[in-house]
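*Asks:* Here is what each chain is made of, one letter per residue.
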Amino acid sequence: MSELSEHVVSPKTNVAVWLVLLVLTGVTTSIAFIDLGPLNTIVALVIATCKALLVVLVFMHVKYASDKLVKVVVISAVFFLLLLLGLSLADYSTRML
Amino acid sequence: MPDSPIAVAHPRPELKHHFADMAQQREASSLGMWLFLATEIMFFGGMFCAYLIYRLWYFPEFAAASNSLDITLGTVNTAVLICSSLTVVLAVRAAQIGRRQAQVIYLALTLVLGLAFLGIKAVEWTSKFKEHHIPGPTFHFEGTVPNHPGQPVDQQHAQIFFSLYFAMTGMHALHMIIGVGIFSYLLYYAWKGRYTPEYHTPLENSGLYWHFVDIVWIYLFPLLYLIDRKK
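Residue numbers (the working numbering), protein chains in the order written: chain H, 1 to 97; chain P, 1 to 231.
Don't read these hints as lab results, they were simulated from the structure. Glycine included, C-beta positions come from ideal geometry on N, C-alpha and C. Do not take every clue at face value.
[Unchecked claim] Part of the chain H face toward chain P, derived, beta carbon under 8 Å:
id, residue
1, 18
2, 22
3, 28
4, 35
5, 48
6, 55
7, 60
8, 64
9, 67
10, 70
11, 73
12, 74
13, 90
14, 92
15, 94
[Unchecked claim] To spell it out: a stretch of chain P is covered by chain H in this simulated footprint if at least three of its residues, at any positions, have a beta carbon under 8 Å from a beta carbon of chain H; those stretches are:
id, region
16, 39–52
17, 86–98
18, 147–158
19, 216–224
[Claimed, not checked] Per label pair, the in silico range of CB-to-CB distance:
id, chain 1, residue 1, chain 2, residue 2, range
20, P, 148, H, 72, 20 to 30 Å
21, H, 37, P, 16, 24 to 34 Å
22, H, 66, P, 134, 40 to 50 Å
23, P, 17, H, 22, 41 to 51 Å
24, H, 68, P, 47, 47 to 57 Å
25, H, 66, P, 17, 33 to 43 Å
26, H, 82, P, 36, 12 to 22 Å
27, H, 82, P, 119, 49 to 59 Å
28, H, 68, P, 167, 12 to 22 Å
29, P, 70, H, 64, 34 to 44 Å
30, P, 73, H, 45, 15 to 25 Å
31, P, 97, H, 66, 15 to 25 Å
Could you put together the complete structure from these sequences and hints?
*Replies:* Okay, structure coming up:
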């Protein structure tokens, strides 16, 4: 294995991701002014998650990581975060106080 | 032991003796950085969890208080951070392909964008201070419950929104300040030509940190600014 085996992302890919991130920022702000009922929050969070995924996969090179251990750490960190948020909300959102 | 045969046989000063080659060293440091970011995810996760529970309980106050934030400055700041993430990626790439001058330019641009973000944040906080929206004895929020004109919001509940707002944006800003410090260091050593295609681990790992801080803001922006903007 060569010592220079690191994946180098092309400027084209980086700039494309950057443009998509900027467009999604504009979209999320504009959609917030349209009344979608409870969907407003869901749409905002879905857009934020798409942006976060783009940053993690391309900018943070997780998509190109040769080391599977890095992917395991990323997925398990997100899993435990969702466990924290999911179980807390499962409790608080079903209480009849 | 400088005169040991192993130390002499090493072709690169950057390669620490307990690693077999540069690729293994790079993978190990990247894994370590990701483990640190995992702890950071849980650190911010606790605040996000508190935010979600209180938002569930006090939604009308959260909506009214959120509408008092400056959505233009918030959107501009999101764009500023996204641009800084691009310059970080390009700086890392410049190191990977061995371009010192490009590294220095992109790192300097990252610093400018990071400081611009903090400057805009300072403007926002100053106006919150003037409006008495800082939690404490002088706190006063004059908003009304959305869709119920004339019904004033509960001051305590609005104060909880602003406590979370300042805790979360404050912690995020602290991470940005640390990031600006780290990138000033990187800029100096990039200018000195320390980062080469073979060795640029500090640049790579600091980049991961910067992108993580960007992702935190990507979630903070809709959760704090866009709760109930619909007309």
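*Asks:* Residue count check for the region 39–52 of chain P against chain H: does it reach three with CB-CB under 8 Å?
*Replies:* holds (count 7)
*Asks:* Can you tell me whether the CB distance of residue 97 of chain P to residue 66 of chain H sits inside 15 to 25 Å?
*Replies:* For residue 97 of chain P and residue 66 of chain H the Cβ distance comes to about 18 Å; the hint holds.
*Asks:* Establish whether the coverage given for the region 216–224 of chain P by chain H is satisfied; the threshold is a Cβ-Cβ distance below 8 Å, and no fewer than three residues must meet it.
*Replies:* This one holds; 5 residues, not fewer than the three required, reach chain H with a Cβ under 8 Å.
*Asks:* Can residue 70 of chain H be said to touch chain P, with a Cβ gap under 8 Å?
*Replies:* With a minimum Cβ separation of about 5 Å from chain P (threshold 8 Å), the hint on residue 70 of chain H holds.
*Asks:* Examine the region 147–158 of chain P for residues whose CB is less than 8 Å from any CB of chain H, and state whether their number is three or more.
*Replies:* Result for this restraint: violated, n = 0.
*Asks:* With a cut-off of 8 Å, does the beta carbon of residue 73 of chain H approach a beta carbon of chain P closely enough for the hint to hold?
*Replies:* With Cβ-Cβ at 5 Å, under 8 Å, it holds.
*Asks:* Do three or more residues of the region 86–98 of chain P come closer than 8 Å to chain H, measuring C-beta to C-beta?
*Replies:* holds (count 7)
*Asks:* Next item in the hint list is residue 67 of chain H. Is there a CB on chain P closer than 8 Å to its CB?
*Replies:* 5 Å, holds
*Asks:* Residue 74 of chain H was flagged as interface toward chain P. Is the shortest Cβ-Cβ separation under 8 Å?
*Replies:* The hint holds - residue 74 of chain H has a Cβ within 8 Å of chain P, the shortest such distance being about 6 Å.
*Asks:* Does the beta carbon distance between residue 17 of chain P and residue 22 of chain H stay inside 41 to 51 Å, or does it fall outside?
*Replies:* 45 Å, holds
*Asks:* For the pair residue 66 of chain H and residue 134 of chain P, does the Cβ-Cβ distance stay inside 40 to 50 Å?
*Replies:* Between residue 66 of chain H and residue 134 of chain P, where Cβ atoms are some 48 Å apart, the hint holds.
*Asks:* Are residue 73 of chain P and residue 45 of chain H spaced within 15 to 25 Å by their CB atoms?
*Replies:* 22 Å, holds
The structure shown violates the earlier hints numbered 8, 13, 15, 18, 20, 21, 24, 25, 27 and 28.
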